[in-house]
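**Q** As a plain string of letters, each chain reads:
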Amino acid sequence: MTTQTALTAHAEAPGIATGATSFAPVATAAKAALEVRGVSKRFETRRHDTMALSDINLSVRPGEFVCLVGPSGCGKSTLLNIIAGFDRPTAGEMLVGGTRVTGPGRDRIVVFQEAALFPWLNVRSNVEFGLKLAGVGRSERRDRAEQYLKLVGLERFHKAYIHELSGGMKQRVQLARSLAVDPEILLMDEPFAALDAQTRDVLQEELQTIWQRTGKTVVFVTHNVREAVLLADRVIVMSPSPGRIKREIEITLEHPRSPDSHAVVDLAADIREELRNPEHEAKAPDARWSI
Amino acid sequence: MSAFEVPGGTLATKPRLKFAVPWKVVRILSFYVVLIALWALVAAREVWPSYTFPSPAEVWEDLRLAAEDGILWEAIAESMRRMAIGYSLSIAIGLFIGIAMGSFKWVDETVGSLVLGLQSLPSVTWFPLAVLWFGLNENAVIFVVLMGSVCSIAISSSAGVKGIPPLLMRATRMFGGPPWKRLYLVILPAMLPAMVQGLKLGWSFAWRSLLAAELLFHTISLGQLLTLGRDLNDVSLVIAMMLVIVALGMAMDRLVFGRMESWVNERWGLTT
Chain A
1 MTTQTALTAH
11 AEAPGIATGA
21 TSFAPVATAA
31 KAALEVRGVS
41 KRFETRRHDT
51 MALSDINLSV
61 RPGEFVCLVG
71 PSGCGKSTLL
81 NIIAGFDRPT
91 AGEMLVGGTR
101 VTGPGRDRIV
111 VFQEAALFPW
121 LNVRSNVEFG
131 LKLAGVGRSE
141 RRDRAEQYLK
151 LVGLERFHKA
161 YIHELSGGMK
171 QRVQLARSLA
181 VDPEILLMDE
191 PFAALDAQTR
201 DVLQEELQTI
211 WQRTGKTVVF
221 VTHNVREAVL
231 LADRVIVMSP
241 SPGRIKREIE
251 ITLEHPRSPD
261 SHAVVDLAAD
271 IREELRNPEH
281 EAKAPDARWS
291 I
Chain B
292 MSAFEVPGGT
302 LATKPRLKFA
312 VPWKVVRILS
322 FYVVLIALWA
332 LVAAREVWPS
342 YTFPSPAEVW
352 EDLRLAAEDG
362 ILWEAIAESM
372 RRMAIGYSLS
382 IAIGLFIGIA
392 MGSFKWVDET
402 VGSLVLGLQS
412 LPSVTWFPLA
422 VLWFGLNENA
432 VIFVVLMGSV
442 CSIAISSSAG
452 VKGIPPLLMR
462 ATRMFGGPPW
472 KRLYLVILPA
482 MLPAMVQGLK
492 LGWSFAWRSL
502 LAAELLFHTI
512 SLGQLLTLGR
522 DLNDVSLVIA
532 MMLVIVALGM
542 AMDRLVFGRM
552 ESWVNERWGL
562 TT
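Line order of the protein sequences matches chains A and B. Under my numbering, the first residue of the first sequence carries the number 1, and numbering increases by one thereafter. Under my numbering, the first residue of the second sequence carries the number 292, and numbering increases by one thereafter.
If you are wondering where the hints come from, they were derived from the structure by calculation, not from laboratory data. The structure displayed is predicted, hence computed values, not measured ones. Ideal Cβ positions, reconstructed from N, Cα and C, are used throughout, including at glycine. Be aware that a few hints might be false.
Heads up, simulated DSS-like pairs for lysine-lysine below, C-alpha to C-alpha not over 30 Å straight-line [to be verified]: (1) B:Lys472 x B:Lys453; (2) B:Lys396 x B:Lys472; (3) A:Lys132 x B:Lys472; (4) A:Lys159 x B:Lys472; (5) A:Lys150 x B:Lys472.
Derived CB-CB ranges, DEER-like [as the list claims (entries may be wrong)]: (6) B:Pro469 x A:Lys31: 50 to 60 Å; (7) B:Ser321 x A:Glu155: 46 to 56 Å; (8) A:Pro71 x B:Pro469: 36 to 46 Å; (9) A:His163 x B:Val312: 27 to 37 Å; (10) A:Asp182 x B:Met551: 36 to 46 Å; (11) A:Phe43 x B:Met541: 50 to 60 Å; (12) A:Ala91 x B:Met551: 46 to 56 Å; (13) A:His163 x B:Lys315: 26 to 36 Å; (14) A:Ser139 x B:Trp554: 21 to 31 Å; (15) B:Ile376 x A:Gln198: 53 to 63 Å; (16) B:Trp554 x A:Gln147: 26 to 36 Å; (17) B:Pro469 x A:Gly97: 48 to 58 Å.
Not everything, but these chain A residues come out facing chain B in the computed CB check (under 8 Å) [to be verified]: (18) Phe86; (19) Gly105; (20) Ile109; (21) Val110; (22) Ala116; (23) Pro119; (24) Trp120; (25) Phe129; (26) Gly130; (27) Tyr161; (28) Ile162; (29) His163.
Excised from the complex, chain B in its bound form (with noise of 0.2 Å):
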C-alpha cells in the first residue's frame, strides 16, 4: 500500500445507482402540470365566458383538427420555407456587412452607424415599404424578416471578428498566404463563437418579423392562421396557434442553437 493513497478510498468506488431521478424534468412537467390545472379551473368555474376564455381541452381540440386537417402542417411548412429563405439571405447579407464593419474602421465608422440606428427600427415597420416595393406577395414577407434580423447578424459578427485575440492574427499573418485562405481557414472560425450567439439573436428576430408580417397577409401560414382565428371569433384557435408559435420557437433554440452552442464551446475549450 503506497503512502500517499487516501485513506478509506473506497467510498469514492461506492456503486451508482443505476437510475438516476431526473428532478429538472419532473419539476418542469409539475410547473406545467399545476398551471394547466389552473386554467381548466378557472375555465371551469366560467367566471368568463368560454368564447372569450376558453378550457384547455377546447385548445387542444381546436389544434388537434386543425392537425387532422393538415391546415397545420401547411402553414407550419409554409412559414418555416420563408423563415427559411428570409433568415438565410439575412445571414449572407449580415456575415458580408459584420466581416467588413469588424476589419476595416471606415466601413464601421459608416455602414456601422446606419446598422445601429436601423436596428432600433421594429422590424414590422417595414411592411408599408415592402408592400410598396415588391407588392402584397411573399417577397414582402420575405424583405421583412431579412431586414428584422440582418442588424443583429451584422453587429454579432462584426463584434466577432474585433473579439480575435490580436496573437491569433499575428501567428496567422506570419505564415504569409493569400487574404481569403485567412479569412475562411481563421477569421470566421474564429468569430464562431459570438457568431452563434448572433445567429440565435437573429433567428429569434426573423422569427418575430415574420409572424408580424404573416397577420398582415393572407396566404396559408402561422401568422394568417392567427388572423383567420380572431376574423371567425375562435379564441381556442387563437390560443392555439400561440402555443404552437412558442413551441416552435423553443424547439428551435433548444435544439438547434443550444447544441450548436455547447458544440461550440467545447470544441473551442470555452467550458473549462
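The shape of chain A in the complex, shown without the other chains (with noise of 0.2 Å):
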C-alpha cells in the first residue's frame, strides 16, 4: 500500500510544484532512474595520466531534472559520455532502472551541444529517425514525429532541411529526435552554449515546459550556474583535477521559472561565489523563496 502511493506521487511528480520534500520519500521508495556507482576515469597519454573522474557516486530520481555544473576539466561531460555509454569508466558501474548498462542504447538519448542532424534528411525524417532504427511502422512514425514537432513548436517546418535552419531550431528537432523515443533519460551536453542569449532564454523556458509535461528524468551538462539554477531540481557542483562532486543542491523553486527572478540570480550568484572561492558555501534556498 505505501509502495502504491509513493509510486503514484512519482508519477505526477513531474507535472506538479517540485518541491524536494514532496520528492523525498519517493527517492527511498521507487527505484532510480539512473545511478552511478563509484565510476572513475582515467586517460592515459604517453606523457602522464590524468584523473577525469574519481569516484563518482550520483543517484537520479525518476522525473528529476539534475544539473552538472562546473569549471570546465571537472569532468561533467565525461560523465555525461559515460552515461550516455559512448566512454567505458575506467571504475565502477551504472545503472539504468536497476539494470547495469554498459554500452549507448535507446533508453539514454543525447542532446547534443552540436547539433547532430542528419543534412540529407528533412526535419520529419530526422526527428522519425530513431523510430526507424527501432523498427517502428510508417503511419505510427509519423504521427510521433508530428506530435513531438508540434511540442518544441516547429509543425510548420517538417519539410524544411537542416542547413535551412538556424541553430536554435536544430536544437529544437533535437530535441522532438530524442523524446520521439521516449527514452528514460535524456541527457543534454550543454545544448544551449552555442545560441545567442536570446535564443538560449526562450529554449530554457521552453524546456522547462517540455520537461514538466513528459515528466522525463533529465541530466543537463553546463558551465552556466545561472542556466543549472534556472532549470535544475538538483545542482550538482563537480571541481577539477581531479574531478568529483564538490556539492549537491536541491533547488526548490517552483517551475517555470524566470532567469531574472530573485531566488534564481541571488542563488546563481552564490554558487559561483562558491566556485571561485572555496570557503564559502551557497546556502540553498528554502521553499518560501519561490518567485
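Each chain sits in its own coordinate frame; assemble them with the hints.
**A** Below is the structure:
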C-alpha cells in the first residue's frame, strides 16, 4: 500500500510543483532512474595520466532534472559520455532503471551541443530517425514525429532541410528526435551553449515546459551556473583535477522559473562565489523563497 | 516611414533587364569559333598534305558519313553498353571494398595497401592478362574497365566512410538498431558527397580503360573505329572519332556528374 502511493506520487511528480519535500520519500521508495556507482575515469597518454573522474556516486530519481555544473576540466562532459555509454569508465558501474548498462542505448538519448542531425533528411525524417532504426511502422512514425514537432513548436517546418534552420531550431529538432523514441533518460550536453542569449532564454523556458509535460528524467551538463539554477531540481557542483562531485544543491523553486527572478539570480551568484572561493558555501533556498 | 528604412531603398528595386546576355556562353563559343577558324586557315594553306592534316570540313564530312551510315551510333551504343557493365561492377565491388576499408582498420592495412598499389598500374596493362583469362572477347574488355576504375572508387569510398563526423556516428549508435540499417540509413548517405567525387574519377578512369582496350579489340566500337581509321589511313575519321570521345566524356561529366554534385551539395547544405 505504501509503495503504491509512493509510485503514484512519483508518476504525478513532474507535472506538479516540484518540491524537495514531496520528492524525498519517493526517492527512497522508488527505483532510481539512473544510478552511477563509484565511477572513475583515467585518461592515459604517453606523458602522463589524467584522472578525469574520481569515484563519482550519483543517483537520479525518475522525473528529476539534474544539472551537472562546474568549470571546464571538471569531467562533467566525460561523466555524461560515460552515462550515455560512449565512453567506458575505468572503474565503477551504471544502472538504468536497476539494470546494469555498458554501451549506448535507446533508453539514454543525448542532445548534443553541436546539432548532430542528418543533413540529407528533412526535419520530419530526422525526428523519425530513431523510430526507423527501432523498426516502428510508417504511420506511427509519422504520428509521433508530428506530435513531437508540435511539442517543440516546429510543425510548420517539417519539410525544411537542416541547413535551412537556425541554431535554435536545430536544437529543437534534436530535442524532438530524442523525445520521439521515448527514452528513460534525456542527456543534454550543453545544448544551448552555442546559441545567442535571446534564443537561449526562449529555449530554456520551453525546455522547462516540455520537461513538465513529458515527465522525463533529465541530466543536463552546463558551465553556466544561472542556467543550472534556472532548470534543475538538483544542481551537482563538480570540481576539477581530479573531477569529483563537490556538492549537491536541491532547488525547490517552482517551475517554470524566470532567469531574472531574484531567487535564481541570487542563488546563481552564491554558487558562483562558492566556485571561486572554496571557503564560501552557497545556501540552498528554502521553499518559501519560491518566485 | 520607419527609422530603419534604408535611404534610397527604391534603387534596389530597379526593374531588371528581361534578357541578360550570357557572356560566359559567348566567350566559350567565340573561343571555339576562333580555334576552328585557325584550323581551317592552316589546312587551307596546305602546310601539310590533307591526308595528314585534314580541314575541319573533311572531319565534319567523315563524321556525317559515319552518322548517316549508322556505324557511329552502333559504335557508341556498343561502347556505352560495355561501359555500363564494367562501371556498374566496379561501383559494386569498389563500394564494398571501400566501406570495409573505411570501417575496419585491419582491412585498410591489408587490402588497402594492395588497392593503393594496384591503382598505380595503368589499366591497359591488364589487357594481356585479361585476354589469357577470358579469351579475346568482350569479357576481357569489361575486365579491363573494371580493373581500371575499381581502385579509385574503393579509395574514395573508404575516404568517404572515414570522413563521416564521429558525432553523427554517436548520434546513430545511441538509437540502436541492426548494423545493416545503420549502413543504409547513415553510412551510405553520409559518404555520398565524397562518393560523387569518387564516382566521377572512377568514370573517367573506366572511360580511358575502355578505349584503350577497344583499340586492341575487333568488334565495332568507338575504339575500333579509331583503329579502323588508322588502318585505312583516314586521318579525318581518326580526328572525328576523337572529337566524339571528347564530346561524350564532357557530356557525361557535365550532365550526369555535374548535376549529381550540385544536387548533393545543395541537399547536404555544402554550398553555403
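**Q** Each hint needs a verdict: does it hold in this structure or not?
**A** Hints, one by one, checked against the model:
1. Of the supplied pair hints, the one linking Lys472 of chain B and Lys453 of chain B holds, its CA atoms being roughly 18 Å apart against a limit of 30 Å.
2. For the given pair, Lys396 of chain B sits about 21 Å from Lys472 of chain B by alpha-carbon distance, which is consistent with the 30 Å threshold.
3. Taking the CA atoms of Lys132 of chain A and Lys472 of chain B, the gap is about 9 Å. The hint holds against a cut of 30 Å.
4. A threshold of 30 Å between alpha carbons decides the hint, and for Lys159 of chain A with Lys472 of chain B the separation of about 23 Å falls inside it, so the pair holds.
5. Note on Lys150 of chain A and Lys472 of chain B: the hinted pairing holds, with a Cα-Cα distance of about 27 Å set against a maximum of 30 Å.
6. Against the hinted window of 50 to 60 Å, the Cβ-Cβ separation of Pro469 of chain B and Lys31 of chain A comes to about 30 Å, which falls outside the hint.
7. The hinted range of 46 to 56 Å is satisfied by Ser321 of chain B and Glu155 of chain A, whose Cβ atoms lie roughly 54 Å apart.
8. Checked against the hint of 36 to 46 Å, the C-beta distance between Pro71 of chain A and Pro469 of chain B comes to roughly 41 Å, which is consistent with it.
9. In this structure, His163 of chain A and Val312 of chain B meet the distance hint of 27 to 37 Å, their C-beta atoms being roughly 33 Å apart.
10. The hinted range of 36 to 46 Å is satisfied by Asp182 of chain A and Met551 of chain B, whose Cβ atoms lie roughly 38 Å apart.
11. Separation of Phe43 of chain A from Met541 of chain B is about 54 Å and conforms to the stated range, judged on CB atoms against 50 to 60 Å.
12. For Ala91 of chain A and Met551 of chain B, the hinted distance range of 46 to 56 Å is satisfied, since their beta carbons lie about 51 Å from each other.
13. Separated by about 27 Å at the C-beta atoms, His163 of chain A and Lys315 of chain B satisfy the suggested range of 26 to 36 Å.
14. Take Ser139 of chain A and Trp554 of chain B: their Cβ atoms lie about 29 Å apart, and the range 21 to 31 Å holds.
15. As the Cβ distance of Ile376 of chain B to Gln198 of chain A is approximately 59 Å, the hint placing it in 53 to 63 Å holds.
16. Between Trp554 of chain B and Gln147 of chain A the beta carbon distance is about 32 Å. The supplied range of 26 to 36 Å therefore holds.
17. Taken as a hint, the range 48 to 58 Å is violated for the pair Pro469 of chain B and Gly97 of chain A, whose Cβ atoms sit roughly 23 Å apart.
18. The beta carbon of Phe86 of chain A is positioned within 8 Å of a beta carbon in chain B (closest approach about 6 Å), and the interface hint is therefore held.
19. With its C-beta approaching chain B no nearer than about 6 Å, Gly105 of chain A sits inside the 8 Å limit, and its interface hint holds.
20. Because the closest C-beta pair between Ile109 of chain A and chain B is about 6 Å apart, less than 8 Å, the hint holds.
21. This hint holds: Val110 of chain A has a C-beta 6 Å from the nearest C-beta of chain B, less than the 8 Å allowed.
22. Hint on Ala116 of chain A holds. Least Cβ distance to chain B is approximately 4 Å, under the 8 Å limit.
23. Against a cut-off of 8 Å between C-beta atoms, the interface hint on Pro119 of chain A holds, since the closest Cβ of chain B lies about 5 Å away.
24. Given hint, Trp120 of chain A at the interface with chain B, holds; its Cβ is 5 Å from that chain's nearest Cβ, closer than 8 Å.
25. With 8 Å as the threshold, the beta carbon of Phe129 of chain A comes within range of chain B, its nearest partner Cβ sitting at about 7 Å, so the hint holds.
26. Taking 8 Å as the C-beta cut-off, the interface hint given for Gly130 of chain A holds, the closest approach to chain B being about 4 Å.
27. Of the supplied interface hints, the one on Tyr161 of chain A holds, with its beta-carbon coming within about 7 Å of a beta-carbon of chain B, less than 8 Å.
28. With a cut of 8 Å, the hint placing Ile162 of chain A at the interface with chain B holds, because the nearest CB-to-CB distance is about 6 Å.
29. A distance limit of 8 Å between C-beta atoms decides the matter here; for His163 of chain A the minimum to chain B is near 3 Å, and the interface restraint holds.
Going through the hint list in order, the structure does not satisfy hints 6, 17.
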